[in-house]
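Here the protein sequences come in this chain order: R and B.
Residues 1 to 615 (this note's numbering) are what the first sequence spells out, left to right.
Residues 616 to 806 (this note's numbering) are what the second sequence spells out, left to right.
Treat the hints with caution; some may be incorrect.
Facing chain B, according to a computed beta carbon distance under 10 Å, are these residues of chain R, among others [what the hints assert, rightly or not]:
(1) R10
(2) G14
(3) S39
(4) D113
(5) R170
(6) V247
(7) H251
(8) S320
(9) G321
(10) P324
(11) G327
(12) L366
(13) G481
(14) T488
(15) A579
(16) F582
Derived list of chain R stretches under chain B, where covered just means 3 residues or more per stretch with a C-beta under 8 Å from a C-beta of chain B [claimed, not checked]:
(17) 88 to 94
(18) 172 to 181
(19) 252 to 258
(20) 371 to 382
Just so you know, the hints here were simulated from the structure itself, not pulled from any lab data.
Values in this document were obtained by computation on a predicted structure and should not be read as measured data.
Ideal Cβ positions, reconstructed from N, Cα and C, are used throughout, including at glycine.
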Amino acid sequence: MGNIGKAEQRLLIGNEAIALGALRAGVTVAAGYPGTPSSEVLETIAREKGEGVYVEWSVNEKSALEVGAGAAMSGARVLVTMKQVGLNVASDPLMCLNYLGVKGGMVVMAADDPGPISSQTEQDTRHFANFAKLAAFDPSTPEEAYDMIADAFECSERIGRPVLFRPTTRVCHGSASIALKSPLPVKKPDGFKKDAGRWVIFPRLSYVSHVKIEEGLARLADEFSSYRGNAIHNAGKGKKGIAAGGVSFCHVLETMRERGLESRLLKVSTVPFPAKLGLEFLRGLDEVLVAEELDPVIERELIMLCGSSGTRAVIKGKLSGDMPKAGEYSPDLIEEKILEFLGEPERKEKKPDIRAEESQPDLLNLPPRPPVLCAGCPHRSSFLAVKEASRGHNAVFSGDIGCYTLANAMPLDMVDTCLCMGAGITMAQGIRLASPGTQNFAFIGDSTFFHTGIPGIVNAVHNGSDIIVAVLDNSTTAMTGGQPHPGTDRDASGGKARKISIYAILSAIGVDSIERADAFDFESAKAAAVRALDKKGVRAILFEGACAALSGSRKEPCSVDGSLCSGCAACFGRVGCPAISFRGKKASIDGASCRGCGLCKAFCGRGAITGGGAL
Amino acid sequence: MNIIIAGVGGQGAVLASHLLGRAAMSSGLAVRGSETIGMAQRGGSILSHVRIGSGACSPTIRIGQADSILAFELCEAARALPYLKQGGALVACDAAIQPAGSLHGYDRREMADYLKLAAKNIFLLDSALVDEKCGARCLNVALLGAAASRKAIPFSAYDLEKALRGKFSGEAAEMNVKALRFGAMLAESMS
C-alpha cells in the first residue's frame, strides 16, 4: 500500500473541496442557485453535511443571498453559491449588505468561467469585488480552495463583512487528491439581536459605513501582504519577473519548474491587492509579465503601484497587448508567452509529428460535435409543435437560459434571442412593440420561470402585451445536473418539499388563456399551439414532460422499416434527434440511445417508423 | 504520467478518470486533473485530463504531452490526437457515433485507418462485442481494462477492480468488474 499519512485522502473536484472546506469551517446555512461551474458545491454540502446544517436551492441568487444575509446577521456562518452571472442577479443585496455588515462569517462564492465554456459573459468577479468594496479570494487549485474557503470565513467574521470567493472553471471542475483536515473550532450562532442602528440601512449609516469600509480595505491590503495565498515564489534571477493569479499561476509554475527557470514569481490571490508584497516583488525588476485570465486586475494594480511608488518597471499583459484579452489561457499559451518573454527557446517536440506526412487531408476537418438536446427530450417535441403550428405566421422565438437554448441549432432553429435568465418573456414584449405583424413566442424552462420569469409575465399582463409564453416544464433544473426547484416536490437534501403549481401562478396573474399540453403527445401539443396562435393578449402554453436524462423512463425503441423508408430524410433532417442517423440513403435509429418517445413517427410520411410511444 | 480521456458527453469519462484517480491514490500517488462538466455534456465532445505523480502543477495537459489517450469514440480519438506524445499509446473504442443531425458524418473504417497510421502504439476495442457481452453502459470500464492490459495506464486490471469496488457495490460492481475483465481479456488476447 501507499505512503499516505494518517489524514484521510480524497480525490475531489474543486467544488467538492470548497464544500468540505466550508463544512470544516463550520458553515451552518448554505444557499444558492445552480449554474455551471458552481453547482456541485451545494450538492456536496447536501450530501456530506452533518446535523444542524441547513442547505437550500433558492428560487434565485438574490433570494439565496438575502436568506444568507439574515442568517449571517444572526451569527451563523453562511455560504452562498452561484455562477458569475448569478452575482449580477444578487448584486443589489450584496452591494447593500457590505454597508450593514454581518456577524457570522459570510462567504459568497461566485464561479467565473474563462472561455467562456458554459456562460454568457467573461466577466471577472474580482472587478465586482473592487466595485462593491469587498474582499475576494481567488484559489489556484482544488487543494488551495479547500484551505482558502476557511480563510475566507475567518476573514469575513473578523472584519464583520461578507467576502467573495472566486474560483474559475478549471478550479471548480479540476480535481486533486486532498488530505482532509479536522474541523475548526467555531462558535455557535447566538441568534438575531435587535439593533436598529446596525441592521437598518439609512444614508447616514451608509456614510459612516463607507468610511469604515475604506479603512478596513486599507488594513486588509496590508494584512494580505503576509497572507499565505499571496507570495513571492522565487527570489529571482535577472531583471524580469512574472506575476500570476488563479489557474494561470499553475501553468506558469509548471513551465518554470520544467525548464528550471528562476525568474521572480509573484502569486496574487486576493482583492485587495497586497501592495507591500507587490513592492517587494517589483524591487530591482525592469519588466514584468502578468498571467491572469479574464480582466487585467493584477496588471492594473502593478501599474498603479509603479506610479504611486515611483518604481520603474514595465508591466506587460493584456493592456500592453502581450497577452490575449479574452478566452481561457491554456498551459500551452502560457508556456509560449513565458518563454518568449524570458527569451528562452521554444519546446522542441512542441507539436506531435503525426499529422505532417501521414495524415489524410479530408480527415483533418473533423466533424464538429456541439451539445444537443438528448434523444427523448420533451423540449424537442414542444419546439417542433410550435414550429409546425406557426408555419405561415411571422413568428419570432425568444429563448432563455437552460438546455432549451440548444434548440437554436439546426434543424430546430427555434431560438431567435437569448440574453439572460428570465429575459425571453420581457424581450418578446419589446419585440412585439417594435415589430408590427409578428407573433411573439417566449420559451422558458420551469426553473427559469421561478427564477426571474414570473415578474415578466406580470409585466406583460398588466401592460396589455400580446405574446405567447411557452413554459417548458420538465420538472427539474436540467442543464446544471437536475437540481430541484419550487415546481418540484423535493428540496436540496432530497426531502419532501411543497410543490408550487406553474399553472396556478399563470392563472393567478390573469394570463388571458392557458393551454396545458403533454409534450410527448406531439399532435395535441401542436393543436394547443394552434389554439394559442388564434387568440390575442398574453397567452401561455404549459408543455409538460419529464426530462429524458433524469426520468429514466424508456419505452420500446423506435426502428425504421428499411423496405418502407423512401430516404426522404425528413425524420433525420427535421427532428434532429441524436438517435437518428442517415446512412446508405436510409434512415436508421440507434436502439440503445432511442428512448421511444415516438416523435419521429410524426415526421415520417411513409409510416416506416415503428415502436415507441405517441402517434 | 499524463492521460487524456476523450469521448462524447454521457459516455462516462468522468467515472473513468475518477477510477484512475482512485487507483493512483491507493498506490500512494498524487493525482490532478480536469473534467468537462456542463453545457458540453449534452452529447458534445468531452475531454478529461488525468495527471498522476507529484510533478503536475496544471490541471490540464499540454499539446504533445500525453503518455496515453483513452477514447470512447473514433472521431473523438482523432480530435484528441494532438495531445499524444511521440510514441504514446492510443486505446480507443472502434465505434463511431455520428454527430447528431449532421450529414457531415465520417466513415468509421477510414477514421480507424487514419488512427492506425497516426499512432503506432494503438489498440482498438471491439465495442460491439463489449455491448453484446457486457452492455453498452459499461464501455468506459471495459476500455480501462483494455488500457491496463496494453500498459497505457500505470495500473493493472486488478488495481482498477479494487477502485471499482470502492466506488460501487452489489450488482453495479459486478457488472462493471465483468466489463473491466472482459476489456482486459480482449486486449490481452489481441496483443
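*Looking back at the hints listed earlier, which ones does the structure fail to meet?*
8, 9, 10, 11, 14 and 17
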